[in-house]
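Colleague: Here the protein sequences line up with chains G and P, keeping their order.
Take this note's numbering: the final residue in the first sequence is number 290, and no numbers are missing along the way.
Take this note's numbering: the final residue in the second sequence is number 416, and no numbers are missing along the way.
There's no promise every hint is true.
Claimed, not checked - Okay, the calculated bits of chain P under chain G, using three or more residues with CB under 8 Å as the criterion: (1) 48-60; (2) 74-83; (3) 188-202; (4) 206-219; (5) 379-386.
Unchecked claim - Residues from chain G that keep clear of chain P, each with C-beta distances beyond 12 Å, as calculated: (6) R46; (7) V48; (8) M261.
Because the hints were derived from the structure by calculation, they are not lab data.
We treat Cβ as the ideally placed atom computed from N, Cα and C, and that holds for glycine.
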Amino acid sequence: MSRRALDLTIYSLPFLLVVGVFVFYPLIANFYYSFQAFSAFSPTMRPVGLENYARLMNDPVIRIAFVNVGLYAALSVLCQVAFGLVLAAILSQAFLGRWARFLQAFFFLPVVMSITVIAFVFTFFYDPMTGLINELLAAVGLGAWQRAWLGESATAIYAVIAVSQWQSIGYVMMLFVVAIQGIPRDLYEAAELDGAGPVAQFFYITVPQVREMLIVATVITVTGSITVFSEPHILTGGGPGNSSTVLATYMYRSAFFRDEMGYAAAIASVIFVATMMVSLLQLRLFGKAK
Amino acid sequence: MTTRIKSLSFAALAAVMAVPAYADVELQMFHRWPNAPFKPYIDSVIADFEAANPGIRIVTDQVLNDAYKDKIRVVLGSANTPDVFFAWSGEWAFNIARAGRSMDLGPLLEANPEWAQNIVAEQIEPFTMDGTVYGLPWQMDGKAIFYNKRIFEELGLTEPQTFGELMQVCGTLQNAGHTPILFGSRAPWAISHYIGTFNERIVAPEVLAADYNRATGEFTHPGYVEALEKFAELATCMNRSPNGIDHESTRNNFIAERGAMAYLQYAEMGFLTAAEFPYGFFIFPEIEGGKGRQTTLQGAPQGWMISADTKHPEEAAKFLEFLISPEMGARLTAETGIISPVKGAVTAESATPEQLVAFEQIMNAGDPYIWLDTALDSAVADAYMRGVQLLLDGRMTPEEVMMDVQAAADRVRGSL
């Protein structure tokens, strides 16, 4: 072995070891577990072949979870990416002066707060008997709109999604603020001389110039939606029934409540494949964008 | 110089060896009470135990009810199991025992007959599987309908003896502008307490025994649908949208007089000291025409298990003896409101008049029925509770709920 090859091996070995132990081993082990039936308590496993996957195909809860993840992704892209970009463009305007920094910090603040704390606070906001939201609706004469936001199948998933948007929009906005700061100012000056207003400048300069960040933000948001857990887990536990169940909460419930570890491993495999597909799509789109 | 180093080394070794071996014993304890008044009580008991047993140190970890149910599964499946941990009785405990994760406590009881006789024998039974005792009770509990005596007296109402009378009481309360029954089912276990009660009153005991057994459970008896129909009838007396409210809010709303009744546990009496009205309670009334047992009390002991993997079984057993001693039992009732299963612990000195009544109810109830969520296999219980959430939301019928329960029971039977 040459000196260079030896150096490469020595330097990359710790990395390979860490990635191997903490990423690849659990991944492979999870696939193995997905072909078994076992309890969280019990050391004994029973091979069941493709039974867990066959059950997945016919499980109505999985379908609900996929629909909810789709909703999560669509609304997150709309709110976080689209609205986040508009917000970033506004907060990058010169006329805001020092207020721009303040407002950026204001919108970014929820990002640094613990999602557990946020979810608990929103639980109180959403309370049907004493919650702030229903009280506000009554105060402005919209008492008829009062709902048990987290307690009704029709609204639970949207109430959960709303919390995620409130928390995450600041992060995506900051990504766009950074991207917008990299756009040469003379493009805007030239457009202004040509008579383009702020809206035209946004669509013809800002959007094309932050295209790469747009893709990155979209992929982050969509993969985040596929793996979302904390918000639905804390706010609704996936209920009422399964109405706000997403893939990760169903996996967790199967593993640690229903004691079906093999089935939970199969759901984890589905989550892995879904995120993998989105990531591959990202790489492809990113390559094309470049 | 070498001689000096050698001397120092021997001195150091001698110093290490002089420390008694038991000085290193550290017991891990995992329980479900991070909140007052329970945690301060447990901490003070541990401090007393450590003072009396200088060689043993106890380190605790604790998370609330629902999180505990999840986390205990993770830690018991790991290599770092707690030596002593909280346990619900019934199927919940048997699941752990079947997996070989809990120690047989029979030898401990046999070795200390005087101490063992102090524990109410009926409370050990729900921790006993195939003749082996896997857990010991620390708390006796029961479920009753708590009511606001002031509201009842204002409206001239009395404690209902039958389901029909309960519905009449609800009607009177509704007409007077009160919410008759407060209920929160956001955490699904609260549903299981109601459904367990309706099943107990409506379905024959032998049918329940067969269906609650994971090896034989089918849930095809029409009584289960009838039980859900009766529950749906009672739900018309409850606050709107119970699925959006958790049980703690229900209790707080009862204390704040936002409703006249709530189905609470005796263990919650400690919280009711904040109520500015007198309260009473009664066991769920009989259901006319029901084929089940009509006077039984829902409730089961909760207690402690010792991990089968503990490296310190003697010290863990010693700690359990201390925890479930007459002295600690009396303190438990006095300081937390929890009713101790240790004989002589619940007296006029340690308990309030209400707790004494509750104690009598538990002792006279005979064979109590266990909380449904801990009596059933967890997959079946999950199907039941999720289904009833949708029943309350008007999205499922009783028949549809039971179809899901039957499917879950089929799957459990098939997996054995």
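Colleague: Starting from the hint list further up, note which numbers the structure goes against and sort them upward.
Modeller: 1, 3, 4, 6, 7 and 8
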